[in-house]
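Number of protein chains: 2
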Amino acid sequence: MGGDGGIDVTVPAAAAMTARAEVVLVGDRERIHAALPAAAPELTVIHASQVLSPRDSLADVLRRRPDSSMRRALACHAAGHVDAVVSAGDTAALMALARSQLGMVAGIERPAICKDLQGMRGRFWMLDLGANIGCSARQIQQFAHMGVLLARHVGGVARPRVALLNIGTEPGKGPDVLNEAADLLEADPRIDYVGFVEGDGLFADIADVVVSDGFAGNIALKSIEGAARMAMHLVQNWLGSLSVLERAGLLLARSKLAALRHELNPQGYNGASLIGLAGVVVKSHGSAGREGFQQAIEEATLEVAGEIPRRLAEGSADPDPAFSPS
Amino acid sequence: MGGDGGIDVTVPAAAAMTARAEVVLVGDRERIHAALPAAAPELTVIHASQVLSPRDSLADVLRRRPDSSMRRALACHAAGHVDAVVSAGDTAALMALARSQLGMVAGIERPAICKDLQGMRGRFWMLDLGANIGCSARQIQQFAHMGVLLARHVGGVARPRVALLNIGTEPGKGPDVLNEAADLLEADPRIDYVGFVEGDGLFADIADVVVSDGFAGNIALKSIEGAARMAMHLVQNWLGSLSVLERAGLLLARSKLAALRHELNPQGYNGASLIGLAGVVVKSHGSAGREGFQQAIEEATLEVAGEIPRRLAEGSADPDPAFSPS
Chain A
0 MGGDGGIDVT VPAAAAMTAR AEVVLVGDRE RIHAALPAAA PELTVIHASQ VLSPRDSLAD
60 VLRRRPDSSM RRALACHAAG HVDAVVSAGD TAALMALARS QLGMVAGIER PAICKDLQGM
120 RGRFWMLDLG ANIGCSARQI QQFAHMGVLL ARHVGGVARP RVALLNIGTE PGKGPDVLNE
180 AADLLEADPR IDYVGFVEGD GLFADIADVV VSDGFAGNIA LKSIEGAARM AMHLVQNWLG
240 SLSVLERAGL LLARSKLAAL RHELNPQGYN GASLIGLAGV VVKSHGSAGR EGFQQAIEEA
300 TLEVAGEIPR RLAEGSADPD PAFSPS
Chain B
0 MGGDGGIDVT VPAAAAMTAR AEVVLVGDRE RIHAALPAAA PELTVIHASQ VLSPRDSLAD
60 VLRRRPDSSM RRALACHAAG HVDAVVSAGD TAALMALARS QLGMVAGIER PAICKDLQGM
120 RGRFWMLDLG ANIGCSARQI QQFAHMGVLL ARHVGGVARP RVALLNIGTE PGKGPDVLNE
180 AADLLEADPR IDYVGFVEGD GLFADIADVV VSDGFAGNIA LKSIEGAARM AMHLVQNWLG
240 SLSVLERAGL LLARSKLAAL RHELNPQGYN GASLIGLAGV VVKSHGSAGR EGFQQAIEEA
300 TLEVAGEIPR RLAEGSADPD PAFSPS
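Top to bottom, those sequences are chains A and B.
Just so we're aligned, residue 0 is where the first sequence starts under numbering that gives the first Met the number 0, counting upward by one.
Just so we're aligned, residue 0 is where the second sequence starts under numbering that gives the first Met the number 0, counting upward by one.
Same shape as in the complex, but just chain A:
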């Protein structure tokens, strides 16, 4: 029921993904059926009588909306009826309900938000993107392990390189907690730690996993989105500045221009993982369209296929160090 486009986005997107996953829709049954495309396959719909609103406080979300679609979907996951939950609703609400419904993996102190972005060579995973402000070095190390797990078992990166997001690359730069985390990662035999990375190196194939607390990670991600939108705006202005003749010349390259615009779109790859939970929960960007929501569903199927929760739980049962991402 969530996201800017609501069920007009989520329902058709879900209907288009039935070859990849057995999709269960949770929300207002009548509205969902009305939004289903005519030719859509038969989908399971679980009714929920309430929808969370952006004005709901976390107390509302957790205690005063017992039949919200988000809560019901997560309860289905907790009960084992589904393997993953995908939502376009509010991130803080999703994180709070997921923690209360699914619980954390033992040994992980804090859940994190992780997303992969396209770099100049390959994709890279960033976490935490906003779940935690102010983390300990030990928590940052746990984020590194979780990121490695996703890069390896969802992204297929055999030996993910890990970097810490900082405001300088030399050891000693930036906040103390990052230097403590650097020491932990350096000494961690399961981590291929490559050092600090700055924002301008994120896309330069320096690391496969870039770790930070949720404040720095969110600032970086949102700034990237802002800059990407600015770049698209400049490309649009450029197109608008062309004469009829110049535009005619460009017509030949039109389909490839559409591909460029797609690649410049910061929402081109949608779906952030809520990681550290005893389950698979993927957050779709509120402004994502149908294609974007399909990508979020695809991300969930990949995490299920990669057995992320099991690996996380097994790893974290290791006595010392806390867990192995292998």
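Be aware that one or more of the hints could be misleading.
[Stated by the list, open to error] Partner residues are not named here, just some residues of chain A that face chain B (Cβ under 7 Å, in silico): (1) I166; (2) T168; (3) E169; (4) G198; (5) L201; (6) D204; (7) F214; (8) L259; (9) L263; (10) N264.
The hints are simulated quantities; they were obtained by calculation from the structure and are not laboratory data.
All values reported here derive from a predicted model rather than from experimental measurement.
We treat Cβ as the ideally placed atom computed from N, Cα and C, and that holds for glycine.
Place chain B on chain A using the hints.
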């Protein structure tokens, strides 16, 4: 003497700016004369026998390089021989030497690094971009005043709107210190405070001055640079993907394509202000070319013309509140 390109960048750039400023070059006299273009006007050269190296510690910079070009240039400024210093050297070294040579404006606790970027409508000023990790709410308020001063008297923005960089726009979001700073700015009659802004809103003409501590600001700025470079990379790839025929079609729009590439270049506007000091000091990006270094010189001339140090000093002499940016 500083920057990736050294005097091959700075000297010709300075020689090209003599119509805008009376340029004094400080560094190795012989090498500077050798780097001067044949047709260059007569420029004053002040010899300095040492050049700072990236391997120099701050203790080296401050105590063991008494005749470094950077120190000598700042000493010239402190003695009143020049109105501003422009350097492509190390930021931390420049900040440390500038503080020791010029001193701070009374009433300002910390200097900040400020830079303006092109947004979708107009330019906007960001600070602090890396001089201070962990600031008090009061220091953030001082940064806001300094940013307003630059936006107004260098940028010509009559009533600059001020926002705080955060990871959510609703009051209460993010770290406590930002919410304390929001209260201070809200209550400050000299500040047109418009609330929190996220990274994805930086370019969207929400604010003219975006304030943060140096950690968040640096993460945002560098991430923008990284994303902009990624966008340029995608445009390059797109051009490379075109067939001969498609490229021929594009030839018509070639000059405008060059303009687009220029606008996408994150170094398109170069020159960061070290603000809060009793003087005008502009840092040119280490990787800036001649045109970029000229922009940094231009920025310095604008700050001198805008009488930034005087306004800062007069404002900060106000008993309560600490100073007025008007």
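Hint check results:
1. I166: Constraint on A/I166 satisfied, holds at 4 Å.
2. T168: violated (11 Å)
3. E169: Hint on A/E169: violated, closest Cβ of chain B at ~9 Å, above 7 Å.
4. G198: holds (3 Å)
5. L201: holds (5 Å)
6. D204: violated (11 Å)
7. F214: At 6 Å from the nearest chain B Cβ, A/F214 passes the 7 Å test, so the hint holds.
8. L259: holds (4 Å)
9. L263: holds (6 Å)
10. N264: Violated: closest Cβ of chain B sits about 10 Å from A/N264, beyond 7 Å.
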